[in-house]
Every structure is written in C-alpha cells, then in structure tokens.
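Going line by line, the protein sequences match chains A and B.
Sequential numbering from -19 applies to the first sequence in my numbering.
Sequential numbering from 151 applies to the second sequence in my numbering.
These are calculated hints, taken from the structure and not from any lab test.
A hint or two may mislead.
What the hints assert, rightly or not - Under the rule of at most 20 angstroms between Cα atoms (straight-line distance), these lysine-lysine pairs were calculated in the PhoX-like manner: (1) B/K206 / A/K211; (2) A/K8 / A/K102; (3) B/K172 / A/K457; (4) B/K155 / A/K457; (5) B/K165 / A/K459; (6) B/K165 / A/K457; (7) A/K8 / A/K51; (8) B/K182 / A/K341; (9) A/K294 / A/K247; (10) B/K165 / A/K225; (11) B/K182 / B/K193; (12) A/K211 / A/K323; (13) B/K206 / A/K247.
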Amino acid sequence: MIDGEDTILPIVTFDTNTTWDSLYDLAKSHLERDGLVRLVAALSSSAKCVAVEREYIDKDYRDTFSNFHSKRFSTPSSRCLRLHFFDREVTRANLREACVDETKRKDLNASYLGYAVIRPTKPNCIGRALLTPASRGPASAYARLCNEQVSILGTELQIEGFPFISQDSDVTVCAESAVWMILRYFSNRYHLYPETFPFQVVNLTRDFAFGQRNIPSSGLYVWQMAEALRKIGRPPVIYARSNFKDNFEHLLYTYIESGIPVLAGLKHHVVVAFGHRSNFAANPAGTETIFTSAYNDAFVINDDNHVPYQLLHKTGLVSGSGAQASRYKFEDIVDFIAPLHEKVFLTAESFQTVVTAILEKNAVFGFRALSPALQNGRLVLRLFLTTGKSFKKHLGSRKMGNSMVEEAYRNLPLPHFLWVCEISNSDAYSRHEIYGEILWDATRNAREPNGWIALHYPEVLIVDMGSALNQGQNLFKFKLQDSTPYPLYKNNLQAI
Amino acid sequence: MDPNKIELIPEQEAKPEPVFTKPEEYDEFCRKFVEEVGPELEKQREARQQSEAEAKLHWMR
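Bound conformation, chain A alone (with noise of 0.2 angstroms):
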C-alpha cells in the first residue's frame, strides 16, 4: 500500500501487491537499481515500511554540488530523496501523534531503524545514511555507535548507528567517503569536532596534493589520510603489516576495543572499522599469556562500496552471510590508521610492552610474586582505552570484586586518559569476568617507569599516590580479602 503517493511524504508499506519495485518506481527519479539491490540487501529482513521524503536538501550533496556539479554544463538536482525506514507500518496518524504526544513519540522511534539519502548522482545513488544495526539483524558483535536527530514532518526522532556514504565517483572515491565517515562520527559524537562535508573533506587533503589533481578525486594515499584527521585534531598513529608482522591485527583490535574507529587500508581500497565480533567459546592454542585478540573472528566495518555493518571475517567470506560479509579478509588488510585524542600519547604497542613487562617480568609486582590466584591457569588479557571519567562512572556497577578497590579508585585523581589491562583467565573471560587490572596514564611517555597508577590483583592493591597529587610516584600497597571476580569494562562498544 502507498499512501499519499503524491504529496510530499509518500508512505509505502510493503504488502502482497507492494514490494521493493513499487518503492523503485516511486523514486526512480534518483534511485538507481543498483541503489535499491543495496538497499534490499541492507533491509529487506527488517524494514517493513519506507517514507519517501522528497524534495529533501541534503547539507553533503548539496556541497558538492554547490563546488562541483554547479560547475558543469549539465547538471543533477540539487534536491534529493530521503527515505526512513521503520520495521512495522506507519501512517501519517502516527507522525503527527508522535509530534504531541512523548509516549507515542518513543514507540514510534521503537519502530525507526534510520534513514537513507538517495543522491541524483550516477552511478552511486546511496548518499549519507544512518541505519541502526539492528536494520541488519543480530551481528552478535560490538560496535562504536552514535546518535543524530532526525526530524520527518515536525516529529523529531532519534537514532544511533555509524555513519554510511557511498562514494561519487567524482569529488570522493572510497578514501573520502572513509575519511568522511570517521569524521561525521566524530562531529555525531563529540562537540569537540566541527561537521565536515565532502568537498571538505578533499580540502583538507589539498596542501599535500604535490602536483595532484583534487577534483575529479583519483584517490588519496595512506599519509594524506591521516592528515586530513590530525587537521580536524585527531593526530593519528599509522601501522603497517609489514613492520608489526607479529601483532598487526591484535593492534588494530586494540584499537577498536578502546572504542577509536579506524581507517583500514586494502590493497587499493579502504574501509572503516569500527566494531570487532568475538567467538568467547574459543579456546586458543597454548598455554603462555594472550590476549583477548586471540577469540576476535571478525570486525565490523563500512565499505563505501557495499552496505553497513559488513563483518569482515578472519578467515575470508562465510558460506550463507550474503550481501552483510565482506569479501575481504584479515590479512587483506595492508595497514591502518588509528585518530587518537591529542592527549593520548602512548600508544597501544608501547602500553603492551611496559605493562607486560610489569605484569608478567617484574620481580617487586608481577603476578608471580604477588598473586597466587592468578597462577591458576592461563592469563587472558584485554588492553584498551577509556577517559578516567567513564572509569569511575562505572565503579558502582562492577563493584570491582572488592569495596576497598572501589571506593580506592572513587577518591583518586585519574588523568584524563588510561590506558586499562585488565587480567582475567580463561574461564573467567568466556563469563565477561575479570580478576584485576592494571591502569597506566595514558598521557605519559613509554620511557618514564612511573606512569602506571595502580595495579589490582584479587589479594593486593597498589596506588600511586604520588602522581594523584601532581609529585613524584609513591607507592602504597592494601592488603585484600576476599576478593571475587568482577564484570569487565563494556561503555567503549556496544553490543549489536
């Protein structure tokens, strides 16, 4: 049924006689049929209803629009369509009941599952998105997310997801679509970051163009990228495989585990990684210490080429996953590109070298000499990033295995990053529980010995009190009893 097919918000619900073809006529003055097998693909097991926002202006098309088609002898639209789609059917009652009424307001938003921007623009129509994962089905992953409001017909709706663009082939290829994604993530996120449109995107690359021509873009190389984020205040850090053979992947895990969305160079193509999906079943090999890395079997990324929430498998594409796996591997990918805080100066390699060293090498407060509980089968360790804030905010829910652990961290002075390794075993990890941990200032250098705050084993806690009051470290140790296992740190992802 469509209802109201020629006014400006057309409502079409499939049924018998209305199917995705009828949304296709409805919209075929942008939507391409390429644009709609990648939109059935991304949907078709959720959306049962679709508003056809016409006449819709589109603040990313209508910058490149004004900076490039503009310019040419024949050019698009300057409109677009927008289309919002929801997983049960919606009428127009319904729209403007949410508009007065809060109750029906939030059931409405129950039911949205994001919306679409179809560009006039060939050959790749899909222009920015916002889905909720929930639009693809169970994942069973984790992800970064974040919010925007949306507003159809005067009723303000919200949603949560990664942003999504397709390339245009003309000002953006896959590198600015990439990098437009992480920064629309930012600017979504955090008021920190200013809202940067496409054809910025490629201004921020220009002063390292050398000799290159911007427009029509022919891509951008790796460094290019990572300037483009350290000019919007995101200095990144650059990995490739080949210099960080052992630890590549387990470093770009690190990463999105401390909720940081990364650029993830193939070997002509990029996409944006943003979530990772973990087999807690497994049971690696061996018997020495690893990482939580070891049960990741896939991350979750957008590939401007296909549609959201892809996961890009291990081992390379699974039998029966469709259009939602990508046919990329892990070892597909060449390098990556991780924008971090500019007050986050250790980096994920060099935290995993001082803490190891503390944590398993050190004779004054290793493991081995200071906890009899944890040498109790294999140590299973998670590394990641968090602000001291969002730390103790969850203090009272975790508990921390222990009251004098938890008021111990509530009264000190955290800076304004850690670096967090939290120490579990295997059986603990596979219930998302956890032993203890050890916090590092994230905003030291990897040379200074006293950058680490505290270490927490089941029967000892050891705080820095020194750096708590801006002196020198000093050392004080309490003596635990009765310690339990406790929940691990979940706020940098969220399950989807």
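Go by the hints and put chain B onto chain A.
This is chain B only, laid out in the frame that chain A set:
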C-alpha cells in the same frame, strides 16, 4: 587536609603500607625497568617510522 597526603579509603583502620621503604630500592626498580623495556620500545619506534614512510606510497581510490 595535608596537601602531601591523600586518604583513598576514608575511616579505614588498616592503613596502606609503602611499597618501597628506601629511595634506593625504588631507584633500582626504575633503572631495571627502563633497561628492560628500552630495546623493545626502540624497535617499535622504528616500525612506526617505517609505517609512516610507507604511508606515502600506499594509494587508495
């Protein structure tokens, strides 16, 4: 409040003990630690520099 002290667990009877009783012990710990991690950190610095150099050659479209 003593500006050089911080009470992490208010009203706790058993007070925390200092880990190092002599400054020389702490200095020795720091010296050994820097000596142990130094070579690995240096290798990592070189690997990152090399990655940055290669980033100038890896083109994506």
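Against the 20 angstroms threshold, does the CA-CA distance of B/K155 and A/K457 hold or violate the hint? holds, 15 angstroms
Pairwise hint evaluation, A/K247 against B/K206, where the allowed Cα distance is 20 angstroms at most: holds, 14 angstroms
Between B/K182 and A/K341, does the CA-CA distance stay at or below 20 angstroms? Measuring from Cα to Cα gives roughly 11 angstroms; hence the hint holds.
Do the alpha carbons of A/K8 and A/K51 lie within 20 angstroms of each other, as the hint requires? The given pair, whose Cα atoms are some 25 angstroms apart, is violated under the 20 angstroms limit.
Below or equal to 20 angstroms on CA atoms is what counts here, so check B/K182 against B/K193. Holds: B/K182 and B/K193 sit about 18 angstroms apart, inside 20 angstroms.
Hinted pair A/K8 and A/K102, Cα distance within 20 angstroms: holds, 12 angstroms
Agreement of B/K165 and A/K457 with the hint, judged by alpha carbon distance not exceeding 20 angstroms: Satisfied, since the Cα-Cα distance of roughly 9 angstroms is no more than 20 angstroms.
B/K165 and A/K225: Cα distance at most 20 angstroms? violated, 47 angstroms
Can you confirm whether the C-alpha distance between B/K172 and A/K457 stays at or below 20 angstroms? holds, 15 angstroms
Sort out whether A/K459 lies within 20 angstroms of B/K165, counting only the CA atoms. holds, 10 angstroms
Is B/K206 close enough to A/K211, meaning Cα to Cα at most 20 angstroms? holds, 17 angstroms
Take a quick look at whether A/K294 and A/K247 sit within 20 angstroms of each other, Cα to Cα. Holds - the C-alpha atoms of A/K247 and A/K294 are around 17 angstroms apart, at most 20 angstroms.
Hints 7 and 10 from the earlier list are contradicted by this structure; the remaining hints agree with it.
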